[in-house]
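J.: From first to last, the protein sequence lines stand for chains A and B.
First residue of the first sequence: 1, per the working numbering; consecutive thereafter.
First residue of the second sequence: 1, per the working numbering; consecutive thereafter.
Calculated directly from the structure, the hints in this document are not laboratory data.
Misleading hints may appear alongside valid ones.
[What the hints assert, rightly or not] List of simulated lysine to aspartate or glutamate pairs, DMTMM-like, C-alpha gap at most 20 angstroms:
(1) K79/B with E317/A
(2) K98/B with E9/A
(3) K197/A with E135/A
(4) K116/B with E9/A
(5) K408/A with E56/B
(6) K79/B with E413/A
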Amino acid sequence: MFSKDRWKEIMEVLSSNVLRTVATAFGVGWGIFILIILLAAGKGLENGIRQEFNGVATNTLFMWSEKTSMAYQGLPEGREFSFKLEDVDLIRRNVPGLRIVSPRNSMGRSDGDNVIRGTEGGQYRVFGDYPEIIEQNSIFTSKGRFLNHKDINEKRKVVVIGNGIRKDLYDTDEEVIGTYVKISGINFMVVGIYKEKSSNGGGEDSERQIYMPFTTFSQAYNRADNVGWMAITAEDGKSISQLNKTILKTVKESRKVHPDDERAIGYFDLYEQYNRVESLFGAISFIAYFVGVLVLISGVIGVSNIMLIVIKERTKEIGIRRALGENPWSIKLQILMESIFLTIVSGMVGIIFGSFTIYSINAVLDSVGPVNMFLNPSVSLGVVLIAMGILVIAGLLAGFIPANKAIKIRPIEALRIE
Amino acid sequence: MIEIKDLHKSYKMGSNSLHVLKGINFTAEAGELVAIMGSSGSGKSTLLNILGMLDEADSGDYTLDGVPIKNLNETKAAKYRNKFLGFIFQSFNLINYKSAMENVALPLYYQKIPRKERQERAMKYLEQVGLKEWAHHLPSELSGGQKQRVAIARAMAAEPKVLLADEPTGALDSTTSYEVMDLIQKINDQGNTILVVTHEDDIAHMCKRIIHLKDGVIEKDEKVTQVRASQYV
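Using the sequences and the hints given, assemble the complete structure.
T.: What follows is the structure in structure tokens.
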């Protein structure tokens, strides 16, 4: 099957009409090129969108209190209420399958600068948080340390500031750790600097926030045991979307909210959004395969067509060879191999050109800087292998009909053609 | 070597069928040089095709070197053709993108003989037909007579039991025809069995026996005194 003569013959046949062979090969190469480009574009979109979720615990529910819309247990409708710290423990106890329940408070932007350091100042969001928040947000400590439980227990007056704030309030090579900033009139020591995990996409703004121990925040700004909102992350393998009913029921009960009151508690299910996007990726890659394979099929039909013409041209030759005693299977194999060889070689060219194009796009993307929702378009080795598999099957299919036709020709009829 | 008993063959032409061979009987011994003569439509080509296993008879027996040739599938027919028969065609039927040597080596390739040996044997037969220097030329670079000699070398290469020649001189001028016939006679002298289909009287008389076909039956089967082609060359 892999004898030198067989290959010599294949090369002789394919090179006997170079222009035709190249034109045929182009169809297949083009098909696989389109397939690769489409898949890479889909992957680029996927990477770009995933980037937005990078480092965020996606299995998370955000929940905040609003006004009640139904009277309940003697309490009027339109009542404003707030979650309490005890609700957090209640949720932890009553809802199994949760990994982190973070109560959060924040100070909105006020008029004028709320954060002052020496002569510099700025308006920044300030959060009261538990240490676990670092596992839910896409941030990491780039210098110093993050909040810890000792800070919480001792209500230490420490803060972790974003890298953007460091840029605003400090000189470039100034030591930040251990300095003090005044937040709404109270001095806090800076113990750490955090950065966003994702390299692009709104990094600047989200690096201009301040994390403070929850307990310190409550005491310093008179929040008593009120909780502004909660970020609740389920354990891996459990869906927060399924747990949120139980969570809502638990809080409604403890906050004396009517069980059917849909508007009293607002929430945002990040997991649901994430899943929606995930299924979008699936759809995109399906479309890429679908379109790519269709284009490829038209190339394959081209190969099949040309093979039929080649058979027609070589009818007499096939007749001679059979008269000389060539096994029909050998002829069939020969034609199949010609077809597969042509398909694979042209497919490889398509893959190479596709890869080169993707490489160029990446180079351009790198030089112009990050583009929204599009990052590092690429195809994995797996995709290339799948493409090769498709090519082999395509080549087989393309050669099958012509090969069968070739061995159906009876040698006597083949020889009669002058 | 060849034994044929009551061979019939008819072709269907639309609604009516054409009875081409109407009971042919003959035997050819090893080493014979037989001419099959007849006008066009006499059935001589059909007979040769059946002898060459390119076509199958409707009824009758055909035994080649003691092997009954009957109900062959294509794979088996190909194997028998390769082993028993060498073909020489009127239009040479060389493969035009292969050199003379490769053409001669082709039947050996189908016997899965290693490349080196194949080439050596091909060269040997090319030498026999006097075309050693032309071994690496393509058929398009050869004259008609040279092409036919390559074809003869190819037919000989597999060392078949029988050579079948279908109008081997039909496309050649008379001088070249005699050269080819001279070669065929020499091959016959070495003891090979050869059947030549021809409609030319002088070519037929260069064989040792002439079978006259007419309307699908053997009209006459005669031994003749062989005219040596070498005297005209």
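J.: Would the pair K197/A and E135/A pass a check requiring their Cα atoms to be no farther apart than 20 angstroms?
T.: holds (11 angstroms)
J.: Would the pair K116/B and E9/A pass a check requiring their Cα atoms to be no farther apart than 20 angstroms?
T.: holds (17 angstroms)
J.: Regarding the pair K79/B and E317/A, is the alpha-carbon distance no greater than 20 angstroms?
T.: Since the Cα atoms of K79/B and E317/A sit roughly 18 angstroms apart, the hinted pair holds (cutoff 20 angstroms).
J.: Can the restraint linking K79/B and E413/A be considered satisfied, given a maximum Cα separation of 20 angstroms?
T.: Given that 20 angstroms is the threshold and the Cα spacing comes to 19 angstroms, the pair holds.
J.: For the pair supplied as a hint, K408/A and E56/B, confirm whether the alpha-carbon distance does not exceed 20 angstroms.
T.: holds (16 angstroms)
J.: Would the hint linking K98/B and E9/A be met if the CA-CA limit is 20 angstroms?
T.: holds (9 angstroms)
This entry satisfies every hint, going by the numbered hints stated previously.
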